[in-house]
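Number of protein chains: 4
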Amino acid sequence: MARKINIGLIGYKFMGKAHSNAYLSVSKFFKTKIEPVRKIVCGRNGKAVKAFQKQWGWDEYSTDWREVVAREDIDVIDISTPNSSHCEIAVAAARAKKHIICEKPLAMNVAEAKKMVDAVEKARIVHMICHNYRRVPALSLAKEMIDAGELGKLYHYRGFYLQDWIADPNFPLVWRLKKEHAGSGAHGDLNSHIIDLAHYLVGDIEEVVGMMETIIKRRPLPSGTSGMSGKSGRKMGRVTVDDAALFLARFKNGTLGSFEATRFALGRKNGQRIEVNGSKGSIVFELERMNELKYYRGGDSNGRRGFRLIQVTEPSHPFIEGYWPPGHIIGYEHSFINTIHDFIGAIAAGKRVVRPNFEDGLKVQRVLEAVEKSSRVGRWVKV
Amino acid sequence: MARKINIGLIGYKFMGKAHSNAYLSVSKFFKTKIEPVRKIVCGRNGKAVKAFQKQWGWDEYSTDWREVVAREDIDVIDISTPNSSHCEIAVAAARAKKHIICEKPLAMNVAEAKKMVDAVEKARIVHMICHNYRRVPALSLAKEMIDAGELGKLYHYRGFYLQDWIADPNFPLVWRLKKEHAGSGAHGDLNSHIIDLAHYLVGDIEEVVGMMETIIKRRPLPSGTSGMSGKSGRKMGRVTVDDAALFLARFKNGTLGSFEATRFALGRKNGQRIEVNGSKGSIVFELERMNELKYYRGGDSNGRRGFRLIQVTEPSHPFIEGYWPPGHIIGYEHSFINTIHDFIGAIAAGKRVVRPNFEDGLKVQRVLEAVEKSSRVGRWVKV
Amino acid sequence: MARKINIGLIGYKFMGKAHSNAYLSVSKFFKTKIEPVRKIVCGRNGKAVKAFQKQWGWDEYSTDWREVVAREDIDVIDISTPNSSHCEIAVAAARAKKHIICEKPLAMNVAEAKKMVDAVEKARIVHMICHNYRRVPALSLAKEMIDAGELGKLYHYRGFYLQDWIADPNFPLVWRLKKEHAGSGAHGDLNSHIIDLAHYLVGDIEEVVGMMETIIKRRPLPSGTSGMSGKSGRKMGRVTVDDAALFLARFKNGTLGSFEATRFALGRKNGQRIEVNGSKGSIVFELERMNELKYYRGGDSNGRRGFRLIQVTEPSHPFIEGYWPPGHIIGYEHSFINTIHDFIGAIAAGKRVVRPNFEDGLKVQRVLEAVEKSSRVGRWVKV
Amino acid sequence: MARKINIGLIGYKFMGKAHSNAYLSVSKFFKTKIEPVRKIVCGRNGKAVKAFQKQWGWDEYSTDWREVVAREDIDVIDISTPNSSHCEIAVAAARAKKHIICEKPLAMNVAEAKKMVDAVEKARIVHMICHNYRRVPALSLAKEMIDAGELGKLYHYRGFYLQDWIADPNFPLVWRLKKEHAGSGAHGDLNSHIIDLAHYLVGDIEEVVGMMETIIKRRPLPSGTSGMSGKSGRKMGRVTVDDAALFLARFKNGTLGSFEATRFALGRKNGQRIEVNGSKGSIVFELERMNELKYYRGGDSNGRRGFRLIQVTEPSHPFIEGYWPPGHIIGYEHSFINTIHDFIGAIAAGKRVVRPNFEDGLKVQRVLEAVEKSSRVGRWVKV
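Protein chains in written order, with my numbering: chain L, 1 to 383; chain E, 1001 to 1383; chain P, 2001 to 2383; chain W, 3001 to 3383.
Just chain L, with the same shape it has in the complex (with noise of 0.2 Å):
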């Protein structure tokens, strides 16, 4: 019989749900010798939580999260609030000795970040920073054919983001929108994953140059209570985010990076596009093919090159064996269920490390900070 921990979920919204689906399938997909409790869910609306808790089979719901930071029999504390909220919880959880998986981006600026870091490392927990796309099997793929030197040398990472969601100005001034919230807009959305991703796929970043945009100024606030699906009221309010954040960059390795995240990008519904390019190969991915990787071989016989298809569905790919056979593909959500499959994989293995952690966190709010900065300043900045 698989080991039983409970599970504290703070925040049930978007985020809520990936997570409580993750926690309800990831024992059926997978063999794992941990089985996570959905035991209590918490939200500062009672009346949305316990809607919540009953949709998703939660035993209990609170509304104060120190109360379940505080139980006792509260194993993990996984936080899926807004990014303003973030360090508190988490400092408080790695203080009650509770093991940490923190939605992205980790925090409001490095200074959170850093607090956070420390915070886990003194408590000897297990911390992770819910980078879901590591997992997608065709980014796990890339990953394992870049540690296996199949592309060569990387000479190129470009990283895209887009997205269109807000373009209409009339999309009313939800708390994504708000700095006091959000800390930043596509830039810690957006650019936190393909961030992420940089350094999981080629390494750390030494310098970047870039720029901020916000492109509608001001909007209509909600005219109920806020979120992605609020609508819109009369009163207008000032937009204190970036929409577009775009950086060039240089790796510790030599290799030339390009990122941009927008929300401004019309049909791209969930546009993010990773391509590298090396002396033996490149790859590319697009995350609303996710299924989907692109590789060229330079080693092909002459006459003979071209980007591949693959499929990543096979049961030799990473984390497919749980799920369906060749060409059945799965979907956003199972990325999710991966990433807690190998969160409590740790947790039930007593290791420490799992990647991408709270150091993996800071990493990445330190190149979106210096991002800021060369946008005030104009030049390059050093990570």
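Hints were generated in silico from the structure; no laboratory data involved. Idealized CB from N, CA, C, for every residue including glycine. Treat the hints with care, since some could be wrong.
Stated by the list, open to error - Chain W is nowhere near these chain P residues, computed Cβ spacing over 12 Å in every case:
| # | residue |
| --- | --- |
| 1 | Lys-2031 |
| 2 | Asn-2045 |
| 3 | Asp-2064 |
| 4 | Gly-2152 |
| 5 | Ser-2375 |
Said to hold, decoys possible - If you want a taste of the chain W side facing chain E, the calculated C-beta under 8 Å gives, among others:
| # | residue |
| --- | --- |
| 6 | Asn-3109 |
| 7 | Lys-3235 |
| 8 | Arg-3238 |
| 9 | Tyr-3295 |
| 10 | Gly-3306 |
| 11 | His-3317 |
| 12 | Glu-3321 |
The hints should help you fit chains E, P and W onto chain L, whose structure is shown.
Below, chains E, P and W without anything else, positioned relative to chain L:
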């Protein structure tokens, strides 16, 4: 509190897993009036079925389907066994007044299928055949568009289902390659899907002409227990089903149809492809990119026409609201969740008719059989 | 200095233009031993043919093809007229000992085609049928690969040719829609191409079963002179050719074939698509992206397999050396330049056989006719 | 009868061939008022240029460009030489009152480019820079759409130009890799194209920040005469141009720009990719599929939105009427035919301004130089 119904699942392999996951998840992603309880799972190999029971969280297991069917506390019999046992189980379940969902193809032949239809009609229960692809959102959308006249009068239906999993002549002689267990090969397994989709999107088929071929006629017998993952032994046996089955069709409404199923198309893993051309537009669907529907609208302005790549991940698209934001894709398993959603929805609503039902399954069987006859007699055959 | 040969071109519409351009360009892109001289172009409408002569730089024009065939200074007769006149012109040209290149399909029927083959064989001249797609570099490459065994034993040939230019019921009744001028509709115009490619890539066809359909049976007569660009008048007339023709085939080597031609696939402009599956690999070709060949190699290493998108623009690829650097694509017209290159190359080398020749054209005609017969009698017909 | 003008072509390699073909074909595909005469071609290597003269049907050849410029019967000087000689030839040609078309980039630097602009302005002749991609029909269509407001206010311009032809470290040190001949590497060769397209589609650039990198710093000297096809010898030499150049930009109208040129992207042969996002729609263009334009129209009805794959081969599309029916694609060389068409059209019409002209070339040069400066000083630089 949602009303609960108890499920008895017969079969625990590929389809058993897909159905288990659907029962697990349906009331999470959707607000259902009924909550399915994973009550009992049944299979012949006690050890294996017990392991499955634990893995997927069924309350009990059994090795005798008759016992399951006989239990008073079971509301639904889910038939996920090989084709050869569908008829017997379904007829017994109908007699026991259980609601039934049955994997496709419905039966081994038209005679069996008729018996099943008679039984369920007499029993006045809810019956459904699990042609799950009708509820891939992109195909549900295609249906909506066709029903709304957006494609105009239909001229062509082109359905292909190409795979390659037995292209290796050393792949063992698993049960799917024996007529006594599977009824037919690519024909019943794959053509049944694209015939059902043809019925769904276009309408009834009037006549067919076709050919069926066994490309590799002898294969090594499996060394251990048979199954898709079995290894090859030294002894050889005869393949008694088709490897490929192609046919042309005329629909009652005049549409021209072209169908092909094969397990010998190297590189095609789950290569289902549907194209429909009408007087006002066309649609194209590819299962390996199941979140996309290509749509050509003849009425677009001159010089701006082109196939649109619709990402069927918008809240307005069928079934999507339960899942994720635009551009965050779903996978193969969600077609089962959607199917089960509508199946239990029909039970909840006291509606006896949810499509596709056993009559739809019978209709597919008639087409399959007409093609088989045509391939024997070498001429067009009325359905 | 290259030897010159004088061309007499009969026909000056779509094909006349494509051939004129080929004669103009072939000795520029390639080092040819023979330089074709655009000597005389012939058509029935004196004013129009004179305008064409000026435009494309032919030395002279004529309105009487017999006069052209009779001229001693003419070495090659190029037959680019509607199908109904191919036979008469070709037989006369052969008698006059001219080398002949003839547009496809070769003739109105097998009887005519035989007459033509007899005539050219007796005359001992170089004869070619302009199935230009054999010399699209991607298809020439496919042939090389198949001949080299890279696809192994062939299992499936899937050929489609989908267009939409007459899908509008008000499109006028141009000559291509009248049996007396065109012989057949989509069948002779489009299926002839994919049958020839089947012969080229796979081999001879043994038997076929098919259906042909005239979807729009009456259309407005053209208001002015007929032709593809004609406008519709008020009077109506009967369409006497097929709009769509589909058939299944067995090749002599056991390969299974599926063919479809239609002019009623909205959104498909020049939608030719060829797929060949063999025991070692597969290839896919799409004419609208004619510089690309998709190639799946079964022998690629585990977990790295996928269809390769070969850009057939490398110097090592067929015909490419004459053109541009990798990635700089060629277009439709280059398939004619390549064809004429090999045609005049055969003349220069004193070789009588260049493929596809009139015998290949006759072979296509036999398949076309067998399909027509099958569609009448409703059963399989031997070719 | 069309008026004739005599062309003097300086340079006979890659661009000399592309231009020769354009002069050969332009009056065939289009009804031009002027017919260009391939009068004289000029190059330093007498034997080679003579062979080229024969191959491409020029009346004469010369090894002294000054002599060609001085000839009274020459109307147009076409400068297709390496960049280092553009300025001297153009200034001389302008003094001699010849119309000029010059390959890109216009010059080695801004100072030279200014001299050239001064000279052509004083001479009052027609001058054009051969940024041929403006006249790829898909990009001309994109321009039409942007000018018509179909994309609304522009937010983003993303231009990439990725190649791989020198990714092999043993590729020899050809002239394009030496600063004294080429001015710069990927930057001038590739970025010049996507900068010009940015000017064409979006408008003027205000400031830039960038980086340039020489990835392989030493290479074998060519064993024979230099050139793209040269073989490597044993001696090594220093690469004095960039291999990759990336930059960010702000346009005067507020659009954000991202540019990248590299010759180290394995698998990318001619990987130019342009994306423009505006408030009403987006377009995407890829040069290797240059007959296609992807277009997302925000105003499409709900649930039916998606990038349209426009095949830019309709008669209503720019330049297409001269060529082939829908779906019959054109190639790389046709962008030159279209360019020459408009160049000689301007001469015929007595219009002095045809775009892009030398001022456009100067504008590109200013951006190139600003990026170079930025890469030295490490901060944003005004153009």
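Taking the least C-beta to C-beta distance, is Tyr-3295 of chain W closer than 8 Å to chain E?
Interface hint status for Tyr-3295 of chain W: holds (7 Å vs cutoff 8 Å).
Grab the minimum C-beta distance from Glu-3321 of chain W to chain E and call the hint holds if it beats 8 Å, violated otherwise.
With a closest approach of 12 Å, the Glu-3321 of chain W hint is violated.
Next item in the hint list is Gly-3306 of chain W. Is there a CB on chain E closer than 8 Å to its CB?
holds (4 Å)
Are all beta-carbon distances from Lys-2031 of chain P to chain W longer than 12 Å?
Answer for Lys-2031 of chain P: violated, closest chain W Cβ roughly 7 Å.
Min Cβ distance, Arg-3238 of chain W to chain E: is it shorter than 8 Å?
violated (46 Å)
Using Cβ atoms and 12 Å as the threshold, tell me whether Ser-2375 of chain P really stays out of contact range of chain W.
holds (27 Å)
Would Gly-2152 of chain P pass as off the interface with chain W, using Cβ distances and a cut of 12 Å?
The claim stands: Gly-2152 of chain P keeps its Cβ more than 12 Å from every Cβ of chain W (closest is about 26 Å).
Minimum Cβ separation between Asn-2045 of chain P and chain W greater than 12 Å?
holds (18 Å)
Tell me if the interface restraint on Lys-3235 of chain W is satisfied: Cβ within less than 8 Å of some Cβ in chain E.
Hint on Lys-3235 of chain W: violated, closest Cβ of chain E at ~46 Å, above 8 Å.
Proposed interface contact between His-3317 of chain W and chain E, which counts if any beta carbon pair is under 8 Å:
Holds, because the Cβ-Cβ distance from His-3317 of chain W to chain E comes to roughly 6 Å (cut-off 8 Å).
Confirm or reject the statement that Asp-2064 of chain P sits farther than 12 Å, beta carbon to beta carbon, from all of chain W.
holds (25 Å)
Against chain E, run the beta carbon of Asn-3109 of chain W and see if the smallest gap drops under 8 Å.
violated (41 Å)
In summary, the structure is inconsistent with hints 1, 6, 7, 8 and 12 from the numbered list given earlier, while agreeing with the others.
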